[in-house]
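What follows is each chain in one-letter form.
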Amino acid sequence: MRIAVLYPELLGTYGDGGNALVLQQRLKLRGMRATVTQVGLGDSIPPADLYLLGGGEDGPQRLATESLRRKGFGKTVRSGALVLAVCAGLQILGQSFAVEGDDEFEGLGLVDAVTVRGTERRVGNMAIDIDGQFLVGFENHGGQTTLSQRVQPLGAVLRGFGNDGQVDGYETEQIWATYAHGPVLALNPWFADHILSVVSGRELQPLKTVADDLYQGRLKAFGL
Amino acid sequence: MAFPIRAQIGRWSTRTVNYLSRALGRGSGTVVGGKVGLRVDPLLIQHLRPKQVLLVSGTNGKTTTTAMIAEGLGVHSTTNATGANMPEGIVAALSGARRECAVLEVDEAWMARVAEQLQPEVVVLLNLSRDQLDRANEVRQVAEKWRLTFANLPATKFVANANDPLVVYALEHANGVSWCDVPTNWTADAATCPRCNGNISFQSGSWSCRCGFAKPTSIMATLKNELTIHGRRIPLQLTLPGEFNRANAAMALTAIQVLGLDSPLVATVRISWLDSVAGRFGERELWGRKATLLLAKNPAGFSALLESLPSDPRELWIGINAEIADGRDPSWLYDVPFERLGTRVVYCFGTRRLDLAARLFYAGLEPRVVDDRDLVPSGRNKVVAVGNYTVFQEWLRESVEV
Chain G
1 MRIAVLYPEL LGTYGDGGNA LVLQQRLKLR GMRATVTQVG LGDSIPPADL
51 YLLGGGEDGP QRLATESLRR KGFGKTVRSG ALVLAVCAGL QILGQSFAVE
101 GDDEFEGLGL VDAVTVRGTE RRVGNMAIDI DGQFLVGFEN HGGQTTLSQR
151 VQPLGAVLRG FGNDGQVDGY ETEQIWATYA HGPVLALNPW FADHILSVVS
201 GRELQPLKTV ADDLYQGRLK AFGL
Chain Z
1001 MAFPIRAQIG RWSTRTVNYL SRALGRGSGT VVGGKVGLRV DPLLIQHLRP
1051 KQVLLVSGTN GKTTTTAMIA EGLGVHSTTN ATGANMPEGI VAALSGARRE
1101 CAVLEVDEAW MARVAEQLQP EVVVLLNLSR DQLDRANEVR QVAEKWRLTF
1151 ANLPATKFVA NANDPLVVYA LEHANGVSWC DVPTNWTADA ATCPRCNGNI
1201 SFQSGSWSCR CGFAKPTSIM ATLKNELTIH GRRIPLQLTL PGEFNRANAA
1251 MALTAIQVLG LDSPLVATVR ISWLDSVAGR FGERELWGRK ATLLLAKNPA
1301 GFSALLESLP SDPRELWIGI NAEIADGRDP SWLYDVPFER LGTRVVYCFG
1351 TRRLDLAARL FYAGLEPRVV DDRDLVPSGR NKVVAVGNYT VFQEWLRESV
1401 EV
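Heads up: the sequence lines are chains G and Z, in that order.
Using this note's numbering, the first residue of the first sequence is number 1, and each one after it goes up by one.
Using this note's numbering, the first residue of the second sequence is number 1001, and each one after it goes up by one.
If you are wondering where the hints come from, they were derived from the structure by calculation, not from laboratory data.
All C-beta atoms, glycine included, are put in the ideal place defined by N, C-alpha and C.
Keep in mind that a hint or two might mislead.
[Said to hold, decoys possible] The following label-pair restraints were derived from C-beta to C-beta distances:
1. Z:E1144 / G:D212: 22 to 28 Å
2. Z:R1340 / G:E171: 33 to 39 Å
3. Z:I1009 / G:G124: 38 to 44 Å
4. Z:E1243 / G:S200: 17 to 23 Å
[Unchecked claim] Simulated coverage check for chain Z against chain G, where a stretch passes if three residues somewhere in it have a Cβ under 8 Å from a Cβ of chain G:
5. 1099-1106
6. 1213-1223
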C-alpha cells in the first residue's frame, strides 16, 4: 500500500504525521507492507493508494491549497484516489473557506462544502457517532462548515462542535474528512482498520493492542 | 524607594497572602498573593519596577536561561525561579526583598502586558514553537502580538535567536537587537514566511524567503566548546547536559554582555557550575528510586531532550498529563521522535499514560503502563524521569534532593 502525506511541513500542526504511522504499523503487524511518502512543497504529487491531509495555520493552509491546485491534486482525486482529510484538510477539499484576509478563499472544489468563520473558536474534546460506532478526538478550529444536501456527513456530533454542532466532517466514495484533528487514527483503531480495509480491498484480521485500551479509556472519559 | 500608597498596600497584600498560603500549606505561595496584589493595584508590576529589568521569554528554555542570567550576574537579583511567569508570579517576585535588578521569565502570551509595564532594559527571546495550542491557538498569533509590543519599546535592547524565523519576525520593527546564532533544531513552525506566506528555505545553517525576509547577521556564535561574542572567544563547558542548554547559556551570556554588568569570563564560570535548575537535571530520590527529573512539555523541547539523553540509564519514566496547564490535547506526542528511544525500557505515567503508551507502541517500543502507585517499578539503578508540566510538578513535590 502506498500512503502519501501531503505537505507535512504545512499541514502537520497537531501531530498529524501520526495517522500515516498508525496505518503503516497496523498493516505491518498483520504482515503487510505500506510505504509512506512525505510529499514536500517542491515535489510533484506521486501516485498513491491513500493521501493524507492534515491541519495547519491560516498561512500554511493557503499555501498548501494553492500548491495542490497547481499540481492538479483535484484531478488525482477525480481519477480515483482515496483521501483522509483532517481539520484544514477538510476545508481545503471543499468549495471555499475563510483564512486571514480572505473570507472566501477558493478550495479545491472536490466536495460541496463551504466553510465560513464561525462565531467562536471551537477548542476541546469531541466525539461523533458513525453508524453506531463512536469516533473520539480533539478539535481546534475557527471554521463552521456547511454541507450541501447531497454530501453525507461522517457522523453525528455527540460531544464538541464538528462542522456546525450537529454533524462532523463528510464521507464520499473516496474521501473521509473530520474535524477531529491530528492523530485521530491513533485514538480510534477501529477507524484506522476501516480505512485500511477499504484501501486494501480486503478484510483484516482483528488486532488487540494498547490502542484499544486507549480508545476504551477515552470513551469512558466521555461517558460513552 | 518610594511607591505610590496603593502600590505599597498591593505589595504588602501580596507578601502577606503568600506568607499565609505557605504557612497553611495551601501551595507554593506565589500566584495567590500576586492575584490579591493586582486586585489592589492593577499597575502593581509597573509600580514595583526595580532599577534594572531583564526579561526572558520563548517556548523552551525560559526557566534555565533566567537562572543562568541570575547566576551569571552574580549580584543578588530578584527572580521568579520557580517558573511562575504570568503577571501574578511576577508581582510576587517583585514584592519580595527590594533589589536593584530583576531577571524574570515571562510567559509568551503575557509578554505584551509585562513588557509595557516594566519597560525592560533587556529582553531575551529564545524561540517560538507549537505549545499548548488549545490555549494559544496558533504560534503565529503570539509572534504577531510580540511584534506589536516590541516595535514600541524604543529604549529596550533585545538578545534574540537568529535561527528562529518567528522570533526574527517578531523583532522586525524593534531597535537594538543583538542576534545570536545558536543551535535551533526545531523549525517546523516556520515552514512558511510569516511576512509573505511564501516558502522559507533552510540551508546549511541559514534561512531565507524570496521576499527578502532572511536570517539576520549575528554578533555571537557557538562552537564546540566555546562561543564568540563580537569575535571574542569565550570557553564554555557546562555541567548541565544537552545542546539546548548550551544555546541557553550562550544567550544568557550575550544578555549579560549587553547589560554590561560583568566580565563574560566570570559569568561563564558561574554558569558552568550550575548543576540543577528548579529541580531539573540534578539528582533526586523519587518513590525510593534515584532519579534525574526533567521537564519536557512540547515537541521542540521533547525532541531536544531526547537527543541529549545519555545512553545510561536505560530505564526511562515518562509522565503525561493533560490538565489546563499542560494543554488539554496530547496530540503533540506524535510530533516527538520517540522512535529514537530504540531499546530503552520505558514506563508510562500520568493521566494520559495510555495516549503515551499507544504513541510508543506505534514507535516500535514496548512501553509499560504504570496504572497505580503500587506498580511503580523498584530497583537500585537510576532512572531518568521526564514529565510534562503538572507531572513534573507532582514528581518534584514527591521527591527530595540527594
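Structure-based check of each hint:
1. Z:E1144 / G:D212: 22 to 28 Å: With a Cβ separation near 42 Å, Z:E1144 and G:D212 fall outside 22 to 28 Å, so the hint is violated.
2. Z:R1340 / G:E171: 33 to 39 Å: holds (37 Å)
3. Z:I1009 / G:G124: 38 to 44 Å: holds (40 Å)
4. Z:E1243 / G:S200: 17 to 23 Å: At roughly 43 Å between Cβ atoms, G:S200 and Z:E1243 fall outside 17 to 23 Å, so the hint is violated.
5. 1099-1106: Result for this restraint: violated, n = 0.
6. 1213-1223: Result for this restraint: violated, n = 0.
Violated hints for the displayed structure, listed by number in ascending order: 1, 4, 5 and 6.
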